[in-house]
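There are 2 protein chains.
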Amino acid sequence: MNNKNKHINVKDVIQVDNELLDNISQLVDQQANASIKTIFANLHSADIAEIINHLKFNDAVYTFKLLDNETAGEVVPELDENLREKIFLELEPKKIAAIVDELETDDATDVVSDLPDEIAEKVLEKIDPEDSEDVKELLQYDEETAGGLMNSDFVFVNENATIADAIEEVRKNADEFEHIYFIYVLTNNEKLIGQVLLKSLLTNPPSANIKTAVEEDLIYITPEIDQEKVADIMDKYDLVAIPVVDKNKRMLGRITIDDIVDVIQDEASEDLQKFAGLSDDEEFTDSTFKVSGNRLPWLAVSLFGEMISAVVLSSYQASIEKIIVTSFFIPIVMALGGSSGNQAAIVTIQAMGSDTVRLKDGLRRLFKELRVAFLNGIVASFVLFTLVYFLFNIEVKFALILCLSLFIIMITASIIGTTVPILLKKFGADPAIATGPISQTSNDILGLLIYFSIVTLFLL
Amino acid sequence: MNNKNKHINVKDVIQVDNELLDNISQLVDQQANASIKTIFANLHSADIAEIINHLKFNDAVYTFKLLDNETAGEVVPELDENLREKIFLELEPKKIAAIVDELETDDATDVVSDLPDEIAEKVLEKIDPEDSEDVKELLQYDEETAGGLMNSDFVFVNENATIADAIEEVRKNADEFEHIYFIYVLTNNEKLIGQVLLKSLLTNPPSANIKTAVEEDLIYITPEIDQEKVADIMDKYDLVAIPVVDKNKRMLGRITIDDIVDVIQDEASEDLQKFAGLSDDEEFTDSTFKVSGNRLPWLAVSLFGEMISAVVLSSYQASIEKIIVTSFFIPIVMALGGSSGNQAAIVTIQAMGSDTVRLKDGLRRLFKELRVAFLNGIVASFVLFTLVYFLFNIEVKFALILCLSLFIIMITASIIGTTVPILLKKFGADPAIATGPISQTSNDILGLLIYFSIVTLFLL
Numbered sequence: 081m082n083n084k085n086k087h088i089n090v091k092d093v094i095q096v097d098n099e100l101l102d103n104i105s106q107l108v109d110q111q112a113n114a115s116i117k118t119i120f121a122n123l124h125s126a127d128i129a130e131i132i133n134h135l136k137f138n139d140a141v142y143t144f145k146l147l148d149n150e151t152a153g154e155v156v157p158e159l160d161e162n163l164r165e166k167i168f169l170e171l172e173p174k175k176i177a178a179i180v181d182e183l184e185t186d187d188a189t190d191v192v193s194d195l196p197d198e199i200a201e202k203v204l205e206k207i208d209p210e211d212s213e214d215v216k217e218l219l220q221y222d223e224e225t226a227g228g229l230m231n232s233d234f235v236f237v238n239e240n241a242t243i244a245d246a247i248e249e250v251r252k253n254a255d256e257f258e259h260i261y262f263i264y265v266l267t268n269n270e271k272l273i274g275q276v277l278l279k280s281l282l283t284n285p286p287s288a289n290i291k292t293a294v295e296e297d298l299i300y301i302t303p304e305i306d307q308e309k310v311a312d313i314m315d316k317y318d319l320v321a322i323p324v325v326d327k328n329k330r331m332l333g334r335i336t337i338d339d340i341v342d343v344i345q346d347e348a349s350e351d352l353q354k355f356a357g358l359s360d361d362e363e364f365t366d367s368t369f370k371v372s373g374n375r376l377p378w379l380a381v382s383l384f385g386e387m388i389s390a391v392v393l394s395s396y397q398a399s400i401e402k403i404i405v406t407s408f409f410i411p412i413v414m415a416l417g418g419s420s421g422n423q424a425a426i427v428t429i430q431a432m433g434s435d436t437v438r439l440k441d442g443l444r445r446l447f448k449e450l451r452v453a454f455l456n457g458i459v460a461s462f463v464l465f466t467l468v469y470f471l472f473n474i475e476v477k478f479a480l481i482l483c484l485s486l487f488i489i490m491i492t493a494s495i496i497g498t499t500v501p502i503l504l505k506k507f508g509a510d511p512a513i514a515t516g517p518i519s520q521t522s523n524d525i526l527g528l529l530i531y532f533s534i535v536t537l538f539l540l
Numbered sequence: 081m082n083n084k085n086k087h088i089n090v091k092d093v094i095q096v097d098n099e100l101l102d103n104i105s106q107l108v109d110q111q112a113n114a115s116i117k118t119i120f121a122n123l124h125s126a127d128i129a130e131i132i133n134h135l136k137f138n139d140a141v142y143t144f145k146l147l148d149n150e151t152a153g154e155v156v157p158e159l160d161e162n163l164r165e166k167i168f169l170e171l172e173p174k175k176i177a178a179i180v181d182e183l184e185t186d187d188a189t190d191v192v193s194d195l196p197d198e199i200a201e202k203v204l205e206k207i208d209p210e211d212s213e214d215v216k217e218l219l220q221y222d223e224e225t226a227g228g229l230m231n232s233d234f235v236f237v238n239e240n241a242t243i244a245d246a247i248e249e250v251r252k253n254a255d256e257f258e259h260i261y262f263i264y265v266l267t268n269n270e271k272l273i274g275q276v277l278l279k280s281l282l283t284n285p286p287s288a289n290i291k292t293a294v295e296e297d298l299i300y301i302t303p304e305i306d307q308e309k310v311a312d313i314m315d316k317y318d319l320v321a322i323p324v325v326d327k328n329k330r331m332l333g334r335i336t337i338d339d340i341v342d343v344i345q346d347e348a349s350e351d352l353q354k355f356a357g358l359s360d361d362e363e364f365t366d367s368t369f370k371v372s373g374n375r376l377p378w379l380a381v382s383l384f385g386e387m388i389s390a391v392v393l394s395s396y397q398a399s400i401e402k403i404i405v406t407s408f409f410i411p412i413v414m415a416l417g418g419s420s421g422n423q424a425a426i427v428t429i430q431a432m433g434s435d436t437v438r439l440k441d442g443l444r445r446l447f448k449e450l451r452v453a454f455l456n457g458i459v460a461s462f463v464l465f466t467l468v469y470f471l472f473n474i475e476v477k478f479a480l481i482l483c484l485s486l487f488i489i490m491i492t493a494s495i496i497g498t499t500v501p502i503l504l505k506k507f508g509a510d511p512a513i514a515t516g517p518i519s520q521t522s523n524d525i526l527g528l529l530i531y532f533s534i535v536t537l538f539l540l
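From first to last, the protein sequence lines stand for chains A and B.
327 is the number that our numbering gives to position 247 of the first sequence; each next residue is one higher, with no gaps.
420 is the number that our numbering gives to position 340 of the second sequence; each next residue is one higher, with no gaps.
Since the hints were derived computationally from the structure, they do not count as laboratory data.
Treat the hints with caution; some may be incorrect.
[Stated by the list, open to error] Derived DEER-like restraints, expressed as beta-carbon distance ranges:
#1 B:K216 with A:D148: 45 to 53 Å
#2 B:N268 with A:K252: 30 to 38 Å
#3 A:E296 with B:A114: 19 to 27 Å
#4 A:K252 with B:K202: 39 to 47 Å
Here the structure is a predicted model, which means the values were calculated and not measured.
Beta carbons: idealized from backbone N, C-alpha and C, even for Gly.
Using the sequences and the accompanying hints, generate a full structural model.
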């Protein structure tokens, strides 16, 4: 038995990595190249990538340069994108070309698109001419679309081929492709007719025409479709690979599930970032200025919005002066309005997802949120009354007014939290990024307006 | 050609669904069963599931009952889990058993585990005895672990088998498994020795021993590993299937990538929900009371936290009374402190992910956040000064004090936003769920303390 059985007991891996990181850093300092290579020879390429991702930049470059081209080709797709871009800026065009030659066309395109133009040209001249053509073609697609994700290499046979021909085709390509999920069946004009599962090559007679083994459901997409949509389709239909065709149904490439898993993870974490007002995906390696610029837009919305809150409060100066205790509860009405609104907003955003069907459920959703807000408003007001009554030496009448305000504010905040994302989606905006600032600041402003109107109405 | 070519142009699909939903509802009202069946006959099971997911509950049950057992078996794994549970409560044990017989063992286990005990027992008596044993065995694992995700059916051969034997095994099992990624090689005692890619059966001579085709890297897991960890491993190593073994390396089952895609999507959306204080995944079909209970814990933390804010403010009553204008800017210092803190917290939470290695980068991360907060604090203070100076008729000295407070508060908030999740992780708590309430309320309290201390120090 020549296979290394790596039992991934997760804790072990991470402990090993932590030790390894320190070891590797020391070995880099000592320029002990042979030792580093020996360690890497026993590791999976994904583990090597993880180590390089966590080293200091100079150590990362040093270590990466020690990899032979084949290993580098396996490590590159697993590297942090930002780091990958920076490492390649440190390499000679000839070395880059040698590594790119080892990559699948989709990964090759990602690497080349990050290079400065003059270096990219040099690299494209040096790599295999066929790959060079493929990469140039793939470069025209937006990185976040099906075209940007697809690999233009795939196993296919002509519609007149037999099962035996297809088996031969798999044999010829076995080394190039780690996984072959489907053999695609094309016409003489490269139009996609269907796909054949690998297992069907084993279960059908070798002399039969390939079309006897074609799968029933053929789901394909066009290259301009957004990657999030591609992920939804592959998830919904449980696909491991999906063919990409042009408008004449000519097959351009295919997308495999491992690329989509990354997309799903990125898109999902983006929603959380967007909601906190990070306009773009941040990497730790980004400069302070870039990160700052990424976060300022939301802070600006917040700043301008709360200036309106300040104006609202100043217009109630007389009330505040007369009953100074009202000002103590500004944080409470703001925080509870904000939290209720955010909860309603996030539930609504996630329920909609990419699924516009549910827009028509908007009213049902709003009524549901109103019932929840009603219930939570009653509970919160009751708790608030008890706390205020025992902690502060104030009139029962004021405590009641405060609780009434909180109740109304929580109801209002739920309405805003639910309707803002639905309306944004209806008008084509991205609810995840715009809901946060809009719903939060308008809840703050409205909350204070409601609170001080009620106080002024009943107590002055 | 007998394959239906479904070009999934995404807009089309959704428009069709919208029309279909109305049509189906009408057809249900008219009890036009034949028409509904005709429509479904032309749809993918994932589309049928999506339709049922969006119908009113009674219509959903009515429609589901129209499906033959085989189609129902395909639709069930795609149904909303909550709805699935409720639909099965409306079915007779005999019907449930017939559908469960169509399911893979992992899905069958999910269905049975949701049934009331007495019904579950009846169902287990009625299904295929071998499946019944499998399900009983799988029921012992926590739903959110590798054991809960794995399918105990898989294609395997004995270590003494030849390539030809393995091909024969694939032929025998071709109908049962939609996708066969690997053939597992086991000893006489069912211990896992290795896995063989399907393509290797085509590229190796039929008479060769199966072990000549065994894959180099064998990565396997044990059943108690958390599903999020399983997802990380499969993502990191780009696996389409992973074997699950017991502590003696006896093979128990395998997990395929389609189940993991769902896990990744659930876990990622959970982070956003957790951050907004939703303790559990909410479904629109949950009762108002359940949703309310889900959201109240965070609201309670917020309420108690902001009571402390109220106490802080009351202790500065003299300052507020003397300079009433200070109260107008409470919303600004709260909102900007909160936003800066949240941004830092979310970036930290996501950077850590499940990746504990980065804990040791904690200090580097904190310094980075401090630089960003420094920059953004200067920009925000400058803008605030300009706005306050022109909008409010107040002294320059007060405007300066306000800006100084804002600057210090933004720095403090970043420190809290960065350190709270790191500390939570260090002490074994889930940073996503606990960071929100802890960092937000402590930022509010600290922000107000800082603001009024500075005001009192300089202006009174």
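Checked hints:
no., hint, in the structure
1, B:K216 with A:D148: 45 to 53 Å, "holds (51 Å)"
2, B:N268 with A:K252: 30 to 38 Å, "holds (36 Å)"
3, A:E296 with B:A114: 19 to 27 Å, "holds (23 Å)"
4, A:K252 with B:K202: 39 to 47 Å, "violated (54 Å)"
In summary, the one numbered hint that this structure violates is 4.
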